[in-house]
Every structure is written in structure tokens, then in C-alpha cells.
Amino acid sequence: MIKKMLKSDDFKLKNCINYIFVAAATVIFAILNSTGGLKTSYANLLVQIGYSIILAVSLNLVVGFLGELSLGHAGFMCIGAYIGTFISIQLNTVIDSKVICLIISMLCGGILAAFFGFLVGLPALRLKGDYLAIVTLAFGEIVRTVLKNLPWFGKAMGMTTGAVKFTKKDAPLFIVVFITVIIVLFLVQSLVRSKHGRAITAIRDNEIAAKAMGINVTFYKLFVFVFAAFFAGVAGVFYGHYTTPVMYTFFSYNYSIEILVMVVLGGMGSINGSIIAATLITIINTMLQKYLPGELAALKFLIYALILIGLVIFNNAPKLAAFKEAVSFKALLAKLTAKKRRPEDILNDPAHWDKIPTKIRMDEVLSTDIQPGNEYVPDKPEKGGK
Amino acid sequence: MSDVVLRTENLGISFGGLKAVQDVNLEVKKKQLYGLVGPNGAGKTTIFNLLTGVYQPTTGKFYLNGEELNGKTQEQINRKGIARTFQNIRLFNNMSVIRNVLVGLHNQPEFKCSPVSSILRLPTHYKTEEAMRERAKEILRIVDLEDERNNLACNLPYGKQRKLEIARALATNPKLLLLDEPAAGMNPHETEDLMNIVRKIRDDYDMTILLIEHDMKFVSGLCDEVTVLNFGTVLAQGETNEALNDPEVIKAYIGG
Amino acid sequence: MSILFDGLSLGAIYALIALGYTMVYGIAKMLNFAHGDIIMVGAYAFYVALISSGHMALGIVVAVIFCTVMGMVVEKVAYKPLRGASPLAVLITAIGVSYLLQSISQLVFGADPKVVTIPSLGTVSLLGASISVSSIITLLIGAVIMAGLTVFVKKTRTGRAMVAVSEDKGAAMLMGINVDKIITITFAIGSALAACASVFYLMQIPSVEPTLGSMPGIKAFTAAVIGGIGSIPGAMIGGVLLGVIEKICLSIPVLSPYTTAVEFSLLIVILLVRPIGILGKKRREKV
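Chains as they are written, first to last, in numbering that gives the first Met the number 0: chain A, 0 to 385; chain B, 0 to 255; chain C, 0 to 286.
Because the hints were derived from the structure by calculation, they are not lab data. Cβ coordinates follow ideal geometry from the N, Cα and C atoms, glycine included.
To give an idea of the interface, some chain A residues facing chain B are shown, with a C-beta separation under 10 Å as derived from the structure: (1) 190; (2) 195; (3) 201; (4) 210; (5) 217; (6) 226.
In isolation and in its complexed conformation, chain A is listed as follows (with noise of 0.2 Å):
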């Protein structure tokens, strides 16, 4: 059994080179912080970058996976942010310490975020792409307004978290969450890599086949939904245990579609494409906010625009297919590698036969035929008997 899981996808270096690389940052920089080399701003960073990752990647599971376009991300988000952070609250008043506050009310934030995916998801999922995406989207306004307008959040002041807040004395946050954001690689990444993970693909190339295939369309669409659902109410735990006070604006439409870029800039249905996405994006936004002051930080915004259109047209317009295989590093790579062939080779190669450019060889044919004095004679023994 285990010579099996040993030889399985699971332990290839490429498939697990994602594990290795967070658990080293996490160790390096836990080690950096013991030593009092890490200053509060750098931590309070690792930590977006924590939770950046754990939205991305499981959106991408939405987005990329499944190919349904949710855009109510931040509003499963607000959900663990605010119930699961005031349950935090309400735990630190019995529990002192404030990590196991913090990871019962990840649960509790991820259970919660989750099962109102799956309030949202089963009568939504009946719906088609552009349908759900506003959905979703109508979704994460309502879950904003109906919390701000709450008596136990602090209404428009938003909620204050001092409580458990983490701050110097504690230990540090950011290693909680990176830790979480191993497990949380893990989890979705076992899902892809699985019978029900191909299931999910199935459905995203072609939904009609996957059901005339006998999967259960409705089951995995609302499976994927509640489990990235529960993850993004998991770093809207982290948020509110990071920050102080959380405030409804953070949750609206706008960041879901900060999460949405990042999840495009990483590349869809790639898991590590969005780990460097949103460590990137976070950094970026980090680095803008301190050296872009007041009105030019639009500027970070009109970036954004800017690489997600380019991208997305770069991608998939059809007039740029053939530049995109052009320049694709696949091509160079193979430009680089590949022998000389000489046409006769792939003549008398039956694995190269789909290459020949039969049409103009069609036209070769014809316009032979037509030339006079070139007929094509079919009988030419009986030519010859005259």
C-alpha cells in the first residue's frame, strides 16, 4: 500500500514543490522573528499574503475548475470575518488563549461561510455563467449590508476586534496562517487530484458530456462551491484576528474581483499560479499604498485593469492563437530542442501525417489538372491497344 501512494502523482517533486516552499518561508521566517529580525510591517505582510493565498486558491477551485464565475467571494469572506471573529470575542472571554480562540472560530467562521454556500449555491447552481456571477455578486452585497446593519457588529463603525487582535506579545499570526495555508494546499489539491477533482474538470470542458457521463453535475458544482466557500470564510477569521476594526467596505464587490485578478494573473485552474499571483498582488498592493499617496492610488487599480484585460485577451482571443503558441515558452522550448526535419522525414513518419499541409497539395492537383495538354488520363494501357 504505501509502495503505491509512493509511486502515485502524489509525491512527484513538481506536485508537492508548493508544500516544501511555504513550509520553508514559514520556517525561515518563524526563525527570523525569534530572533527579533522580522519588523511588525513584514509579519503584518506575510499574513495578507497568507490569506491572499487561501482566497486565491480556492476561487481558482470555483473559477479555474469548476468554470463557473463567482463573484461573491468577499462576501463568504465578510461572513467569517464578522460571526467568526465575534465568536472569537465571545470564546476569549472564557478561553485565554488567543490561538485556540482563533482556530475554534475557524471553524466555526469556515463552517458558517460554508453553509451559506451551500444556501446560495443550491438554488444558484440551477443557474448559467453571466446569471451566477451576478448572483453571487447580488449574494456578497446583501451578506455586507445585512451585517453592517446588525445590532452586534457595530454598524457602520464596523466591529471592533481589539480583543483578539493579535499583537507583539502574542505568538505570531503569521505562522498560524501559513500553516493553514499548507493544510489548505493539501486539501484542494488532493480534491483536484482525484477522481472527483477530474469530475469537476469534466464538468468545466464540457458540462453536457460530464452529465451524459453520469456525474452528478449539481452535487459537484455545489460541493466545490461550499469548500471554497469554507475557506474564504477561514481568512475572513484571519482578517478579523489581524486587523482591528472589521469594516463591511473591506468586503465589497471590488475585492472579489481583487481576488478574481489574482486568480487570472496566476492563471486559471493553476494552484501554484495563484500562490505566486496573490503573494505578488499583496506585495504590490502593499508597496503602492506606502509610495503611492492619496489620489494616485488609483494608478494600482488602473494596473490591475490593464494586466487583467491584457491578459485575458492575450489568452483566449482566437485571432492570437497562433501568436500565443508562437511565443509560449512550450514553442521556445521545443525551438530550441528540436532537430531539423527534412519534409520527406515527416512524409515517412505516420505520427506526422496530421502536419502535411494537404490543402495546397490539394491545389497542386487541381491546378495541374486544369492546364491543357496535362489531362489526367485514366486509362492509359487502353491508350495505348488503339
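Fit chains B and C to the known structure of chain A by using the hints.
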């Protein structure tokens, strides 16, 4: 009559006022190769869509091994044992050949593995995953695609894509296999090859096969019985050569 | 009574915006997420023209022309290359365009709201209720524009070509209709309507900021979906319905903070009961 696999009773559907299919009675017996022929727009693919739950029939009923399947969803019907291929190929294009077949194997009871055990990587996951791969390779061997198993489905030539669709449908372990124009776009050599494959599937798996095809050589060379449709109604039915030589049928085709 | 009238005029604004969504969706089969931001662009254009010239009328003309051109440019640059690509890709690009327009206007005009001083038109009393004249104007002109649009689509060659393209793009192309041109025209009309809506909107809330368009935009899209996307009368019905509901909610103290939530819940409920909207047509996917 226990060897009748598929039976339809006055099956029909209308879209708005248009009666696309009307009063179709079929009886397909076990291990039979049954053809569904007719000019374009005769309602052949519509019948397939009715039998697989894509459309719900407005009149009539259909039974698989005596069990009524009206009103079931596509997923349920597939699990009851009807699998199909599509006229306009619908493969999972961004997946490798073997993964396409693995999706077909998804619901087989012997490869049961809950999402939880997959996500937590319990031993069942590894066991089923390997068993599924073995079975998928076996199925690909039937259609001669084992060597292509790691290529992307969309990179296969047309004829091989059609064969992969058959393999994928076969993977769902159906009692009845519906092939929608399996030989379309194939050259004579490939068609010959496909005929052998279809026969082999019938013989090795005791499969009952209902197929739509325009290539009359293919139909008469392969099918035991045919139903000829025109404008959604049955024109002739019976032993292949007899039905195809029916004067009504010839009239419908030639337009006399 | 005055609530109803306010609701109707707000509804007319939503309907004008919703028409842009619905027409583009019907013809180009895409959700133009940036449509709301065209309103914002129109509002800024109106603002600039108004403070530099002082004429209301000139402001309106400038806003309409600027938006029309903007709509066409956006279509040509961002959406045209993606024709035939997956809907998801197009939608994400539209979101990108929305971001782009917002950030550009923030860079140009700053994030602070700019106050647009429109001379108050006062109120009249009608059936015992005082109703603002601007509401009446909005309602009247809105109705005229919508009637005009209906006639345009039904009676003119271009209008009929638009219907043809929305029914079946391929067949329309085979009939010699220049589909690209029709799509561009659709974007132009939709953007012009959005510009009108922006002026009416400013008459109600006389301040403009970069994010002005997003909420009315999303609500108008909601209206379009409620009415049945792709259907012109549906957009009108949906818009008016949403406008009236919004004003009624705002007038009830307990509900007023939850107005947005109520509207979006209505969207979800309607989509559940009737996923194609009130007047939408059902489409089958060919297998």
C-alpha cells in the same frame, strides 16, 4: 421477451407545434446491432436525446430491460445503463485521453471512493486510483488508443476522437450503447476498422448497440435490424436489407 | 403618492441603463460589466461641459456624444478581439474595463465627489402630493426615449437587423448583415442611453465620483435580469419595478438600511422561480 433490452412505446416529442418525433416503436434485443437511418432532420438524434434524458418525451414511454426511464435525468439514465456518443464530438478537450476514459469510469461501483477519502488521501484513494487506471488502459486497448493515452484529447485526429468517445461511453459500463454517426468523417479504411471494433465490443461485452449512421455500407455491413425514419415518423422497420430496399425508403432518399 | 412618483422616475433611470445591458446581452451575448461605468463617464462629461459652458443642453449633448464614442471604443479595443472566446473570458475583460474607467477618472478628477450644480426645478403639487419637477421630466423623457427605441427596433432596417443578429448570429451573417457593425451600433445606442440616464441621475443626486456608476449599474443589471435579459420591454418593466421597490423600501424606517439587500434578494427569488426573468425567452442548447 426477457431479451429485449430497449423498448419504446409511441415515443414522441414536439417543439412548439413541430412534431420532431412521432410514434416511434423500437424493440432492440440483447447483443443486437440496431441501426437508425433516415435523411437529415428525420429525428434520429432527437430520439437519442430522448433516450438519454436530454429532452423529455411529450408522448410515449421507453423501457430499459423492462424498467421505465421516462422523466429521469441524463445522469440517472446513464447510471441505469444507457451511454452515448455525440454527433458533434464532445470530448473533454483539455484532458488527456486516459482521463477522458477515467471520467467515464467515475460511477462504477467497484471504484467507489468518497470525496472525503480522496481529500484526506485515505488508502482507498490510492487503491481505486490505480485500479481505475488499469481498467481505463484495458478499455483504450479495445479501440487501439492505448499508446495515445497521455496525449490531449483535442490533439487527436478526428477518427481517433470518435473512437475515444466510444471508449469513454463504454467505460460507464452500459447495457445499451448509443452511437451517433460513429463513422462520420472517417475514410473507408478507418470505417472498416471501426466496424471491427463495434463488432468486437458487441461480442466481447455482450453489448447491445443502437447506432445512427449515414454510411449505408456501414449500416448494411453491420446492423442486424434497422428502423428508417423520415420527418419524425417510422418509414420502415425490420431486417436490414429488407428495410433499406423498401420502396418507401428509396422514395424518401431519392426524393421521387 | 410622491414615493410612487419618485420610484417611477428612479425606475425610468434604471430602465434606461438596463436597456443598454439587455441590448448588448441580446446581441453580443455578453454581460457588459463596464456599462455602469459608462454612466459615470457620462456624468463627468456632463459636469465638465456644465462648468465650462454653463449650458445644461450643451452638457447633455456632450455627455451623449462622449459616451457613445466611449462605448464604441471599448467595444472595438476590449471586446472585439474576444469574439468567439469563452463567456468567462469576456466577462472578466468587461470587469477589467470597468476597473480601468474607474481608475482613469479617479486619476483625472480625484476620488472626492464633485458637486454638480443643477438649477432646482422646484416641485408641483399633484393630487395632493408634492412632486419634484425633475422626477416628472425624467419620467416623461424616459418614456419618450423608450418608445422611440421600441419603434427603432421594430421599424427601421438597422433595428430589424439587430433583432436578426440576436436571434441567430450565423444566419444573420449569411443574410448579408454586417454583424460587427450591428454590435458596434448596439454599444453606441446603449452608451447613449446610459449618458441620458447619467444626466437624470445627477438631477436626483447632484454629485459625481469615480464609483458613481457601479451601484446603479449593478441595480440596472438586476433590473434587466428580473425583466428577462435580452428583452427590451422586460428591461423597462424590471427597471420600473426595481425603482418603485427601492423607494418604497427607503420610505419604511425598519427596511431602509436593508434596501440593497431587499433588491438583491428579489433578484435571487425571481431567478429561482423563473430563471429566465419575467419576459425572457427560453433557449435550448443543441446537443
